[in-house]
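Q: Protein chains in written order, with the numbering used here: chain G, 1 to 113; chain D, 1001 to 1118.
Check each hint, because a few of them may be wrong.
[To be verified] The calculated lysine-lysine pairs, modelled on DSSO-like cross-linking and capped at a C-alpha distance of 27 Å, are: (1) G/Lys-49 - D/Lys-1036; (2) D/Lys-1040 - G/Lys-49; (3) G/Lys-49 - D/Lys-1041; (4) G/Lys-112 - D/Lys-1041; (5) D/Lys-1040 - D/Lys-1019.
Just so you know, the hints here were simulated from the structure itself, not pulled from any lab data.
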Amino acid sequence: AQSVTQPDIHITVSEGASLELRCNYSYGATPYLFWYVQSPGQGLQLLLKYFSGDTLVQGIKGFEAEFKRSQSSFNLRKPSVHWSDAAEYFCAVGAVDGNKLVFGAGTILRVKS
Amino acid sequence: ETGVTQTPRHLVMGMTNKKSLKCEQHLGHNAMYWYKQSAKKPLELMFVYNFKEQTENNSVPSRFSPECPNSSHLFLHLHTLQPEDSALYLCASSQGLAANPGGRETQYFGPGTRLLVL
Chain G
1 AQSVTQPDIH ITVSEGASLE LRCNYSYGAT PYLFWYVQSP GQGLQLLLKY
51 FSGDTLVQGI KGFEAEFKRS QSSFNLRKPS VHWSDAAEYF CAVGAVDGNK
101 LVFGAGTILR VKS
Chain D
1001 ETGVTQTPRH LVMGMTNKKS LKCEQHLGHN AMYWYKQSAK KPLELMFVYN
1051 FKEQTENNSV PSRFSPECPN SSHLFLHLHT LQPEDSALYL CASSQGLAAN
1101 PGGRETQYFG PGTRLLVL
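Chain G extracted, bound-state conformation (with noise of 0.2 Å):
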């Protein structure tokens, strides 16, 4: 069965510097990769996705994700975080068994000043 693996539960950053959130997946082939992002009391927004090709995606908000199939990484990325930015981070892969999405647990990014 497919997962996602977000090893960080809580990562801290100060307002500026730059960002990394980590995702790893368990899919044997090419998978369909999401990032989404949850600010407190609202739903998920997409940030980025990937179903195949340059494998640098470019997303919302300043964001971007590099999709490495050697390491089954799907990394998210930003070189300047602002504290607008604290939210909850979810990776997803699409199930290869119908119309779902295999969500990680979530990263929450809280910014400091």
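Chain G is already provided as a structure; the job is to place chain D on it using the hints.
A: The following block gives chain D in isolation, referenced to the frame of chain G:
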């Protein structure tokens, strides 16, 4: 984001009450989903509907009863809930299996209904 709306946004109910959650999508999609998000737990998929037909029931207790009258609307009927059912209930939609088979579906989420069962 107004593509997927959910009402009410907050709900408090007793264990003997009956209430319904409503979800509406304005994206022309054909698949709709209910998720449960509890504190300190991963997102749990509850139900999936494709073209109004239920295609997934993730072993959800019968006190949760979904209804999908058309591709734009999804309801979750609640009755005799337990305090552990308190959570954020999220609705999502996507194009549907016929358009994107095999996991290539992008889901768009509503803001959720925060449910508290007393």
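Q: Each of the hints needs a verdict: does it hold here or not?
A: We went through each hint and held it up to the structure:
no., hint, result
1, G/Lys-49 - D/Lys-1036, "23 Å, holds"
2, D/Lys-1040 - G/Lys-49, "25 Å, holds"
3, G/Lys-49 - D/Lys-1041, "23 Å, holds"
4, G/Lys-112 - D/Lys-1041, "25 Å, holds"
5, D/Lys-1040 - D/Lys-1019, "25 Å, holds"
Of the numbered hints stated above, none is contradicted by the structure.
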